[in-house]
Amino acid sequence: MSIWEYANPKKFSATVTPIIPWAFALGLGGLAVGLIWGFFFTPDDYRQGATVKIIYLHVPSAFLAINAWLMMLVTSLIWVVRRHHVSALAAKAAAPVGVVMTVMALATGAIWGQPIWGTWWAWDPRLTSFLILFLFYLGYIALWEAIPDPDTAADLTSILCIVGSVFALLSRYAAVYWAQGLHQPASLSLDAEENVADVFWQPLVLCMVAFGILFVALVLLRTRTEIAKRRIAALEARARRSEVRV
Amino acid sequence: MPDLGPYAVPVLAAYAVSLSLFAVIVLSSWRSWIKVKRQLKEVEKNGES
Amino acid sequence: MKAVFIRDVTLAFRAGGGFGLALAFFLIVVILVPFGIGPDRAILARIAPGILWVAALLACLLSLDRIFALDYEDGSLPLLATSPLPLEGLVLAKSAAHMVVTGLPLTIAAPALGFLLNMQAGAYPWLVVSLAIGTPALSMIGAFGAALTVGLRRGGLLLSLLVLPLYVPTLIFGADLVRRGADGLSVTVPLMMLSVITLGAVALMPFAAAAVLRINLR
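Protein chains in written order, with our numbering: chain A, 1 to 246; chain B, 1 to 49; chain C, 1 to 218.
Quick caveat, the hints were computed from the structure, so don't treat them as lab data.
Note that the Cβ used here is the ideal one computed from N, Cα and C, for glycine as well.
Treat each hint with caution, since some may be false.
Said to hold, decoys possible - Simulated pairs of lysine-lysine, DSS-like, Cα-Cα distance not exceeding 25 Å:
id, chain 1, residue 1, chain 2, residue 2
1, B, Lys41, A, Lys11
2, A, Lys10, B, Lys35
3, B, Lys35, B, Lys45
4, A, Lys229, A, Lys11
5, B, Lys45, A, Lys229
6, A, Lys11, B, Lys45
7, A, Lys10, A, Lys229
8, A, Lys229, B, Lys41
To be verified - Between beta-carbon pairs, the in silico distance windows are:
id, chain 1, residue 1, chain 2, residue 2, range
9, C, Leu157, A, Arg230, 42 to 52 Å
10, C, Ala24, A, Trp117, 41 to 51 Å
11, C, Ile37, A, Ala237, 21 to 31 Å
12, B, Ser20, A, Trp37, 16 to 26 Å
13, A, Thr119, C, Leu85, 53 to 63 Å
14, A, Trp4, C, Ser83, 35 to 45 Å
15, C, Phe35, B, Ser20, 38 to 48 Å
16, C, Met1, A, Trp201, 16 to 26 Å
17, C, Met1, A, Thr119, 51 to 61 Å
Isolated chain A, as found in the complex:
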């Protein structure tokens, strides 16, 4: 029994079909609990007032925006090395979800920045990096859409994802060098002495877990859709071939 068994599209679809509704239920339920907890039952921050409640949306979406790209990088590498179709399709399925997460992080950030920093947008390293990440997502999706042959598209987008990761990292450091930041350092990290206070921390972690589960559910669902699309194309191609033979 190894994880590579699930590289078989049929086995993958059969396995995830019962998981998907549960994952959605768990993700949406967790999100509802986390957001209600955060929205109704946490105090206001003494400096930022009620705007601190935006953290329950901003931090998880930013976290996932980056991790969605990392997931695409890993699945792209698996496709390049082992050529499992499910892996390439999972990368394709994750990209639009990553875009939504990036937009959500940018939008909530802008709405949060307006009252606190007095501006919707600043050319701050973190903000700029996210904008660049957004452009990388757009290019990646556009390349998938542009190439008709599925295997060629999977190959080319994988290489773009790998090369893009290097440049995204480089851009991140370039942006740090280029601008001094308004943005506070990471809200959650394991080694920081001072993290966000516990009252905010608990619902925040719940929200992050819920976002994560929801992301997994969306990617599984979209991957299954892509597999089914691929199967339709294959069956139609076979039908056309047999027609020609008759």
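Position chains B and C against the provided structure of chain A, taking the given hints into account.
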């Protein structure tokens, strides 16, 4: 309803934007799956006959 | 490799090769900026390094699709790919030709356009140095983008969308180098970073571009 003070508009706007973005991606993913599932059934049926 | 390089350069210099096009585009963008910003000399002097770099980058982008597309259309690219020259060498030769045809003229013309934008005197040597170091990176990264979109009809717009985000670090360090030169600050950090990007791109991008070409020629 908690008292949001002067920040009611931004906080509610952030929640509205995020939840509607979530709704868009979840609903569009489900709809495309249902469409593709129906197509697949049709194609598989045609293949057998 | 040398033959490919010479062939590409001579083709570009012939009539209709598009040699002057990038240069003319560069000129026009730089001339348009004061019309948009207004003729205030102090503002123009402040933004001159950035404008010159962005304009050079766009001019470079304009001619990228010629690197592989023309050879792909007339069928000589598969022939070149099956020749004894490794594909990586072909990519290197072709991007070097692109650099000589586009990057080098831009580098030479840039100081003249600096006068139009009232750039500070201290910035001129650094403008030439930064473009001389930076344009090879632009050509190499661009060759990768051109290889990605080589088989596509209407690949031009997609090419810009793919390549422009990859240009961000080069642009940041290149323009900052000129800005620091203009202000008389130390230029060591951006100079070294720009060189690192160029050397890294020259060393690694041919492999990525060749891998992509192999897939596209399959």
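Each hint tested on the structure:
{"no.": "1", "hint": "B:Lys41 <-> A:Lys11", "in the structure": "holds, 18 Å"}
{"no.": "2", "hint": "A:Lys10 <-> B:Lys35", "in the structure": "holds, 19 Å"}
{"no.": "3", "hint": "B:Lys35 <-> B:Lys45", "in the structure": "holds, 16 Å"}
{"no.": "4", "hint": "A:Lys229 <-> A:Lys11", "in the structure": "holds, 16 Å"}
{"no.": "5", "hint": "B:Lys45 <-> A:Lys229", "in the structure": "holds, 15 Å"}
{"no.": "6", "hint": "A:Lys11 <-> B:Lys45", "in the structure": "holds, 21 Å"}
{"no.": "7", "hint": "A:Lys10 <-> A:Lys229", "in the structure": "holds, 13 Å"}
{"no.": "8", "hint": "A:Lys229 <-> B:Lys41", "in the structure": "holds, 11 Å"}
{"no.": "9", "hint": "C:Leu157 <-> A:Arg230: 42 to 52 Å", "in the structure": "violated, 27 Å"}
{"no.": "10", "hint": "C:Ala24 <-> A:Trp117: 41 to 51 Å", "in the structure": "holds, 43 Å"}
{"no.": "11", "hint": "C:Ile37 <-> A:Ala237: 21 to 31 Å", "in the structure": "violated, 56 Å"}
{"no.": "12", "hint": "B:Ser20 <-> A:Trp37: 16 to 26 Å", "in the structure": "holds, 21 Å"}
{"no.": "13", "hint": "A:Thr119 <-> C:Leu85: 53 to 63 Å", "in the structure": "holds, 54 Å"}
{"no.": "14", "hint": "A:Trp4 <-> C:Ser83: 35 to 45 Å", "in the structure": "holds, 39 Å"}
{"no.": "15", "hint": "C:Phe35 <-> B:Ser20: 38 to 48 Å", "in the structure": "holds, 41 Å"}
{"no.": "16", "hint": "C:Met1 <-> A:Trp201: 16 to 26 Å", "in the structure": "violated, 59 Å"}
{"no.": "17", "hint": "C:Met1 <-> A:Thr119: 51 to 61 Å", "in the structure": "holds, 52 Å"}
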